[in-house]
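Next come the chains, spelled out residue by residue.
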Amino acid sequence: AQSVTQPDIHITVSEGASLELRCNYSYGATPYLFWYVQSPGQGLQLLLKYFSGDTLVQGIKGFEAEFKRSQSSFNLRKPSVHWSDAAEYFCAVHLIQGAQKLVFGQGTRLTINP
Amino acid sequence: DAGVTQSPTHLIKTRGQQVTLRCSPKSGHDTVSWYQQALGQGPQFIFQYYEEEERQRGNFPDRFSGHQFPNYSSELNVNALLLGDSALYLCASSPLGGRRLNTQYFGPGTRLTVL
Chain A
149 AQSVTQPDIH ITVSEGASLE LRCNYSYGAT PYLFWYVQSP GQGLQLLLKY FSGDTLVQGI
209 KGFEAEFKRS QSSFNLRKPS VHWSDAAEYF CAVHLIQGAQ KLVFGQGTRL TINP
Chain B
690 DAGVTQSPTH LIKTRGQQVT LRCSPKSGHD TVSWYQQALG QGPQFIFQYY EEEERQRGNF
750 PDRFSGHQFP NYSSELNVNA LLLGDSALYL CASSPLGGRR LNTQYFGPGT RLTVL
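Protein chains in written order, with the working numbering: chain A, 149 to 262; chain B, 690 to 804.
It should be emphasised that the hints constitute simulated quantities derived from the structure, not laboratory data. Don't be surprised by glycine CBs; every beta carbon is placed ideally from N, CA and C. One should not assume that every hint holds.
[Claimed, not checked] Now the in silico label distances, taken between C-beta atoms and shown as ranges: (1) R711/B with G189/A: 28 to 38 Å; (2) A165/A with T709/B: 18 to 28 Å; (3) A727/B with P155/A: 32 to 42 Å; (4) S187/A with P697/B: 30 to 40 Å; (5) L771/B with G189/A: 20 to 30 Å; (6) S696/B with Q193/A: 17 to 27 Å; (7) S218/A with H756/B: 37 to 47 Å; (8) Q706/B with R217/A: 44 to 54 Å; (9) S200/A with L772/B: 38 to 48 Å; (10) T792/B with P262/A: 32 to 42 Å.
[Unchecked claim] Which chain B residues stay away from chain A? Per the calculated CB distances, all over 10 Å, these: (11) Q695; (12) Q737; (13) A781; (14) R800.
Construct the complete structure from the given sequences, taking the supplied hints into account.
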C-alpha cells in the first residue's frame, strides 16, 4: 500500500538556523510529491510540488525540496528559518490511479526558538 | 480571485445528530475532494466529486456522504455522529477533473466537535 512517512514528529530550531524536514514514501509508480504547511487552526497551503524533471524544486517562502528516487525521499529544506515558519508541515504523495487522491504523512511540527 | 471557501468555520454537535458541511471551490476548478484531519494526524481522504458524481472513496463508512452541485460547490454530510468524528474537515479543489494529475488547493476547514 502507498504510504508516506515523516520520521520527525516535532523539530525545534533556532531562528536563522537551517532546516531539513524528512519525508519518505512507499509507492510503486512514479511519485508526484507535495509539501504543504498548516498554521494552527488553518487549512493547508501548498509550499511546492514535484511532478517530473529537475529533482530540486523551489517553492514559496524560500523553501526547496529534493527528490531522491534511490532513497525514496523528498526532504524539505530552508537555509535560514524565520519565526513565522513555525507551523505543521505535511508531505504528500499524489496517487494517479483513478481519482486525484493525496496520501499524507503524519506531519512534522516545527517550533522556532528566538 | 477567491480561494476555496468552507462553511461553517466551527460546529458543535451531539452524538447521533447529522451535520452538513459546505465547500465552494476555487474559481475555474471543477473537482472537489474532502479530507478528515483528526487532531495530531495528517489528512485522510474521504471522497472526491467530479461532474456531480462521487468518483472515488476512501476508507470511510456510508454515514459519510456528499453531493456536488452544477456550480461545482459541494456538501459533505455525516449521519449518526460519533465522538470519533470530531476533526477538522478540509475541502480541496482542483481544475480539469478529466486530467489525472492536478494540484489540490485547500480551504481553511470546518472544525467539527461531537459531544
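So, going through the hints one by one against the coordinates:
Between R711/B and G189/A, the C-beta spacing of about 19 Å breaks the proposed range 28 to 38 Å. Between A165/A and T709/B the CB atoms are about 45 Å apart, so this pair departs from the stated range of 18 to 28 Å. A hinted range of 32 to 42 Å is violated for the C-beta pair A727/B and P155/A, which are about 20 Å apart. One distance hint, 30 to 40 Å for the beta-carbon pair S187/A and P697/B, is violated here, with the actual separation near 20 Å.
About 23 Å separates the C-beta atoms of L771/B and G189/A, a value consistent with the hinted range of 20 to 30 Å. In this structure the supplied range 17 to 27 Å holds for S696/B paired with Q193/A, their Cβ-Cβ distance being about 19 Å. S218/A and H756/B have their C-beta atoms about 44 Å apart, which keeps the hinted 37 to 47 Å range intact. Taking 44 to 54 Å as the suggested C-beta distance range, the pair Q706/B and R217/A conforms, at roughly 48 Å.
Taken as a hint, the range 38 to 48 Å holds for the pair S200/A and L772/B, whose Cβ atoms sit roughly 43 Å apart. Our hint of 32 to 42 Å for T792/B and P262/A holds, since their Cβ atoms are close to 34 Å apart. With a cut of 10 Å on Cβ distances, Q695/B falls inside the contact zone with chain A, its closest approach being about 8 Å. The Cβ of Q737/B sits about 5 Å from the closest Cβ of chain A, inside the 10 Å cut-off, so the non-interface label is violated.
Some Cβ of chain A comes within 10 Å of the Cβ of A781/B; the nearest lies about 8 Å off, and the non-interface call is violated. Against the 10 Å criterion, R800/B falls within the reach of chain A, whose nearest CB is about 8 Å from its own CB.
Checked against the numbered hints given earlier, this structure breaks hints 1, 2, 3, 4, 11, 12, 13, 14; the rest are met.
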